[in-house]
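Asks: Throw the hints in and build the complete structure from the sequences for me.
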Amino acid sequence: MLRNALRERRAAGGLTQADLAREAGISRPQVAAIEAGRHTPSVTAGLALARALGVPLEELFPSEPSAAVPVVESAPEGAPLVLGRVGDRLVYSALPDRGAGTELFRAADGILRGGSVRVLPGCETRGVVVAGCDPSLGLMADLLPMRGYRAVPVHATTWDARRALAQGRCHAALVHGRSRDLRRPASGVVRYGLGRWRVGIAHRAARDVSLLALAEGSLRFAQRVPGAAAQRALMRALRRESPTPQPSGPIASSHLDAARRVSLGDVDGAITIEPCARAYDLAFDPLEEHRVELWIGEGFAGDPGVQALGGLLGSGAFRARIEALGGYELSA
Numbered sequence: 001m002l003r004n005a006l007r008e009r010r011a012a013g014g015l016t017q018a019d020l021a022r023e024a025g026i027s028r029p030q031v032a033a034i035e036a037g038r039h040t041p042s043v044t045a046g047l048a049l050a051r052a053l054g055v056p057l058e059e060l061f062p063s064e065p066s067a068a069v070p071v072v073e074s075a076p077e078g079a080p081l082v083l084g085r086v087g088d089r090l091v092y093s094a095l096p097d098r099g100a101g102t103e104l105f106r107a108a109d110g111i112l113r114g115g116s117v118r119v120l121p122g123c124e125t126r127g128v129v130v131a132g133c134d135p136s137l138g139l140m141a142d143l144l145p146m147r148g149y150r151a152v153p154v155h156a157t158t159w160d161a162r163r164a165l166a167q168g169r170c171h172a173a174l175v176h177g178r179s180r181d182l183r184r185p186a187s188g189v190v191r192y193g194l195g196r197w198r199v200g201i202a203h204r205a206a207r208d209v210s211l212l213a214l215a216e217g218s219l220r221f222a223q224r225v226p227g228a229a230a231q232r233a234l235m236r237a238l239r240r241e242s243p244t245p246q247p248s249g250p251i252a253s254s255h256l257d258a259a260r261r262v263s264l265g266d267v268d269g270a271i272t273i274e275p276c277a278r279a280y281d282l283a284f285d286p287l288e289e290h291r292v293e294l295w296i297g298e299g300f301a302g303d304p305g306v307q308a309l310g311g312l313l314g315s316g317a318f319r320a321r322i323e324a325l326g327g328y329e330l331s332a
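For the sequence shown, counting from 1, position 181 maps to 181 in the working numbering; every step adds exactly one.
By construction, these hints were calculated from the structure, which means they are not laboratory data.
Beta carbons are placed, not taken as given, at the ideal position from N, Cα and C, and that holds for glycine.
Errors might be hidden in some of the hints.
Now the in silico label distances, taken between C-beta atoms and shown as ranges [said to hold, decoys possible]:
(1) V69 x G227: 16 to 22 Å
(2) D285 x I251: 16 to 22 Å
(3) G227 x G14: 52 to 58 Å
Replies: Following this line, the structure appears as structure tokens:
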């Protein structure tokens with residue numbers, strides 16, 4: 001939580017949240033979120049609040065530097081980073097590899113030097129940190145600023161995204177899995193259904209990829225890390241062909257990376273999701289249908305940026321762009 005003296009200073013001045021919001025020129029819910037430590041105000045908003053209360057900014061929001069922590073995993077020395085702030089924690093993630101089929105170029109917020117994060121000039125650390133493996137993360141990053149907030153996408157498996165959310169290292173997690181898997185109670189989260197997609201095998205139309213050949217390891221096949229929802233789906237299918245399947249091939253860093261490797265001819269096939277197979281015009285053999293959900297930490301549900309994200313996901317603009325990607329079932 002962001003430590004600040006806003007509530008105490010406001011009460012000492014005999015002001016309600018509505019009074020202070022009017023004097024500072026911001027909304028009452030924003031004042032409430034800042035007081036509760038769920039939202040970090042911009043410099044402009046912080047200065048406006050300080051002026052309204054007649055106190056120095058540093059007295060209202062005392063500086064408490066905190067060590068940056070990775071959302072999912074540590075980055076290598078010198079890696080360009082994307083940064084965000086979750087409560088009073090500065091979190092980071094390495095920018096995706098330019099060959100991973102995600103983002104070709106993106107401005108870095110910081111660089112890892114000597115085990116510490118060097119924040120680059122002009123960096124904005126406020127924003128909604130969302131971890132997950134859905135291609136719609138890019139849409140969120142593009143569209144949320146139109147609603148006045150920054151999205152900080154972190155590419156992670158469903159397993160890692162859930163863990164990051166439980167540890168308070170992100171505001172929200174995009175997760176997917178069979179309906180029976182997602183029915184397990186998730187304490188401390190608010191859940192929103194985003195849609196459905198199919199997990200399966202992407203391959204070039206001229207190349208036959210059989211489950212038995214995969215189980216025997218006779219094909220070069222792009223997989224995901226153990227524990228990833230797509231990899232678990234693959235192993236469930238292969239165990240129906242062999243009690244001890246041993247698929248052979250490289251580990252892809254994302255669903256898009258897996259499809260990209262097939263497109264380039266690096267592998268015979270890959271486990272991925274239908275939207276990514278379609279993006280590279282690949283043949284697709286479905287294995288399972290997965291439900292896709294956005295899980296938000298209950299402590300951040302009132303954050304204005306998180307609420308803006310919820311509004312975006314329910315908007316016609318977002319839905320139209322998801323439908324344009326193809327492979328999503330949004331009727332649910």
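Asks: Given the hint of 16 to 22 Å, is the C-beta distance from V69 to G227 inside that range or not?
Replies: At 21 Å between Cβs, range holds.
Asks: Take a look at whether the Cβ-Cβ distance between G227 and G14 falls inside 52 to 58 Å.
Replies: 54 Å, holds
Asks: For the range 16 to 22 Å, tell me whether the beta carbons of D285 and I251 fit it or not.
Replies: 20 Å, holds
Checked against the numbered hints given earlier, this structure breaks none of them.
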